[in-house]
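We have chain A already, so just place chain B on it with the hints.
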Amino acid sequence: MTTGGSREYRRLPGRGVGLFRTTTLWAAEDHLLLVDVRGFSEFYRRFYFGDVQAVALCPTPVGRVRAVALALLGVSLAALGWTCGPAWKTFWWTLAAMVVVLLLVDLGLGPSCICTLQTAAQTVDVLSLRRLRRARWFTVWVQPHVELAQGALKAAEVLERSGETGPAAAAPAASIPPTLATPPAVLASQRPLRHESGRIHELMCYALLLSVATTTLQLFVWSVMTSVVASVIGVGVLALVIASVVRQQGSDVRPGLKRLAWTVIAFEAVLMVSGFVYGAFVMFRLTVDRTIDPSTGPFPFDVIRKQPGYRTLALVSAGGALLLAAWGLVLIRNDRREKGARAWQSPGI
Amino acid sequence: MVRCPACRSPLAAETLAAGTSDCAACRVRLEISVFPALFRKHDPGRNSEPVASDQESACFYHPGKRAVVVCDHCGRFLCALCDLELNGRHCCPPCLDQERLEKRNTRLESQRTRYDRVVLAVTIYPMLLMFYPTFFTAPIALFMAIRYWNAPASLVHRAKIRCFLAILISTGQIICWVLLIGFLVTHWGEMFK
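Chains as they are written, first to last, in this note's numbering: chain A, 1 to 349; chain B, 1001 to 1193.
Hints are supplied without guarantee of correctness; some may be wrong.
[What the hints assert, rightly or not] So the derived list for chain B, only partly shown, Cβ under 7 Å to chain A, looks like this:
{"no.": "1", "residue": "Val1002"}
{"no.": "2", "residue": "Arg1027"}
{"no.": "3", "residue": "Leu1086"}
{"no.": "4", "residue": "Gly1088"}
{"no.": "5", "residue": "Arg1147"}
{"no.": "6", "residue": "Ala1151"}
{"no.": "7", "residue": "Pro1152"}
Please keep in mind that the hints were generated in silico from the structure rather than gathered at the bench.
Idealized CB from N, CA, C, for every residue including glycine.
Just chain B, same shape as in the assembly:
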């Protein structure tokens, strides 16, 4: 069922076929492209068959069911129920879960933490508020930038420009503090004359 983007009312077949027409409910102008997947019937799912003889291999997870495929990761025999296909490879549910947890397959990821953004924020925000907090935040930012240098970046932005900038700026902040402290130490006596 395709719904009107404006009022969420279901659209008639005539509206879908026309491509460009008005929504019958809210009367806004619609431009719709529909594709064969809209009419695709859902796969009811495969049933695993029972083992017929002793010469047939059985599923590792369901000993009474006939194995139809081997897991590409762990090599275990799998029945039709346990067989999960991903990117043309077959694997069992625990292997898929392991792959997702270890983030080995980017296509299973639905969220990532952007450590490079965190590091840049720790570097820049204290500097914008006032310079003094950078006495504490600059070393933290430098440590974080080095610590998370190899952490997975964004799926779409692979460049490490933010980490690089954070290292550059936090190093600059540390140098400024060292110079300032050095100046204060050497000129301490003159300042109170």
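Bound-form chain A, shown alone:
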């Protein structure tokens, strides 16, 4: 355990960092103190061990998405450096190395999660415990402290006491629907989950496959027509992925598919930024070299197409889109197979 600060409080591992905001968790003899530093003020929340009702954590895909985004950014920057002269090469490769260091640090910290701490008065998402390893450490650490204040609770007691106190303590098991063939399990929720077939995600996957085909085609055949088709499909992919993210909010879509939609958004964002940076760089370099004259000559599609960096970006784009589309289609197929099996086994059929 980390120590430091005042005598009363000991710092617990983990630090949540946001824009002008830092969150840390501290332990005193009889309570936990969540310190939220925003600008020049500190806000405190206390959780007395005698009042803690539950600690819940669940893994999230945020860490993985961030790692993939950083890896793509690193590869793009390295590819960019590869196409440049010695001076610019050093610059881009230094940037790529910094991104790789960030990626390694991110991977070293482990998978991400959400950890909530609940008392009768408040349920707080502890931002300093956004890494699974730290959150698990915290769960193990806090258990004896809370049990010392409240006593232990066995699994059988949880079931027994839930029956006594009813829905105030836990949602009754009887409200779980017996089958997932119907819109899946919503437990006496104030915000019921909407049924979503996942059709829009499927369309997104097919659009991604189409974009793979057009991007690859453009590497070999360059014409105004292929360019227009590729642009239309690119816009279509963006529209479908945004629609997927909107539709999946509060729906019963499989978590894997939800992750896929967010990953596609991150992928497209990284590609757009990389493409923009690379395009600006190439235009700048070609203008300085006087290979092209932007004020008089036509737009140099053919010159840009022959740049190794462009080809690398196109290949990364096609490869990434292919992987994402394959991942999505496999998930959709598995989901349908699973739902079909459950519907077959359910007593109503």
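Only chain B this time, still in chain A's reference frame:
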């Protein structure tokens, strides 16, 4: 009621008892520890009883109610309704409010202004932008560092390192300005030859 951290759906008793299981609504993997406080029944609150005879002490704030305890701060008699217990001590609502306003009890504080951070920002940010604003900000920062030296620091960081650094840096800035002005005054004539 315990809710899933991901989708905020209430969790079934079986899920809570299992410790590690999937959320029935969003199907993410959950690891949950529940404690007896979850099933604790809420205290309905105490009712103060009326004074039965003239020999019984009455509450200072409710003369018709029987006093059950004495305020540890002001010594007034309090009924069960007015008795507030904090850290094993009994006090009346005005004393508790006074304690909170005067920041005598750190456990009642929910916010603090970090003057040491303000002082360090006033010292350093103008220096990062350009050096000239420090002509004005250095004396202000020095004054603030001395003025807020004894102001309550963070609950968890009691060290005064930021104030100390601010004094050091702002003093350095003032010395630099004095030297620069001194140099300009002594070499003014030579510069325009």
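How the hints compare with the structure:
Using the Cβ-Cβ criterion of 7 Å, the hint placing Val1002 (chain B) at the interface with chain A is satisfied: the shortest such distance is roughly 5 Å. The restraint placing Arg1027 (chain B) at the interface with chain A holds, with a minimum CB-CB distance near 6 Å, inside the 7 Å limit. Violation of the interface hint for Leu1086 (chain B) is found here, the shortest Cβ-Cβ separation to chain A being roughly 12 Å, above the 7 Å cut-off. Taking 7 Å as the C-beta cut-off, the interface hint given for Gly1088 (chain B) is violated, the closest approach to chain A being about 11 Å.
Residue-level restraint check for Arg1147 (chain B) is violated (minimum Cβ-Cβ distance to chain A is 15 Å; threshold 7 Å). Because the closest C-beta pair between Ala1151 (chain B) and chain A is about 12 Å apart, greater than 7 Å, the hint is violated. Hint status for Pro1152 (chain B): violated, given a least beta-carbon distance of 10 Å to chain A, over 7 Å.
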